Amino acid sequence: MLLAVLTTSLLGAFDAGLGGVLGVIALILSYHLVVRRLILRRNAVPKRVKVCYTLASIALAVSAVYASPARLVAFGKEGVGSIDYQDRQQGSHGTYLQCYVQDPDGNVDQLPSGGACPHPDGTPVTMVYTADGIGGPLLGTKSSYTYAVVICAVGELTGYSLMVAAAVITGRRFAT
Numbered sequence: 022m023l024l025a026v027l028t029t030s031l032l033g034a035f036d037a038g039l040g041g042v043l044g045v046i047a048l049i050l051s052y053h054l055v056v057r058r059l060i061l062r063r064n065a066v067p068k069r070v071k072v073c074y075t076l077a078s079i080a081l082a083v084s085a086v087y088a089s090p091a092r093l094v095a096f097g098k099e100g101v102g103s104i105d106y107q108d109r110q111q112g113s114h115g116t117y118l119q120c121y122v123q124d125p126d127g128n129v130d131q132l133p134s135g136g137a138c139p140h141p142d143g144t145p146v147t148m149v150y151t152a153d154g155i156g157g158p159l160l161g162t163k164s165s166y167t168y169a170v171v172i173c174a175v176g177e178l179t180g181y182s183l184m185v186a187a188a189v190i191t192g193r194r195f196a197t
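Using my numbering, read the sequence shown as starting at 22 and increasing by one per residue.
Derived by calculation from the structure, the hints in this document are not laboratory data.
For clarity, every value in this text was computed on a predicted model and none was experimentally measured.
Hints are supplied without guarantee of correctness; some may be wrong.
EDC-like cross-link-like pairs, simulated, lysine to aspartate or glutamate; straight-line CA separation at most 16 Å [stated by the list, open to error]:
no., residue 1, residue 2
1, Lys98, Asp153
2, Lys163, Glu99
3, Lys98, Asp126
4, Lys98, Asp142
Please build the complete structure, drawing on both the sequences and the hints.
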């Protein structure tokens, strides 16, 4: 469970893609290395444990995708900045446009998702941002990202509850 917290929850709060990918890898490895080998010692895994662990992994991976905007809503500031410029960049799959915005503090950061700027250069836009620029900024108001907070919270609560359920089932079955 500690691996899930460190990978899906914390990494997802700073970078949704990295948190989701590393979280899924950590959950798969922890299942095979910790649950199957150390705890169950190659005994058959009860079906309910498999189901709980699988559903927990899915819930935590979904939660990781929404953790970054949820972090911005919880700890970021809302203000009016402006579209600064758009740049053509070279990526692994060809060229793409990247939009840069200036936050109300005067810092220029790229939007987390690639693509053309939604408005011409210099246009004022409402944004949610942090002073460190990690995980954002996101265009819109904090209230427009409430869904991200809800999905993240439900995913976290569901995922960790199912992991605890899997641990309880395992403990009861192999306590003797």
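Worksheet item: lysine 98 and aspartate 142: Cα distance at most 16 Å?
Response: 22 Å, violated
Practice prompt. Take the C-alpha atoms of lysine 163 and glutamate 99, compute the straight-line distance between them, and say whether it is at most 16 Å.
Written response: 7 Å, holds
Worksheet item: Regarding the pair lysine 98 and aspartate 126, is the alpha-carbon distance no greater than 16 Å?
Response: 10 Å, holds
Discussion item. Run the distance test for lysine 98 versus aspartate 153: straight-line Cα separation, threshold 16 Å.
Written reply: Between lysine 98 and aspartate 153 the Cα gap is close to 11 Å, so the pair holds against 16 Å.
In summary, the structure is inconsistent with hint 4 from the numbered list given earlier, while agreeing with all the others.
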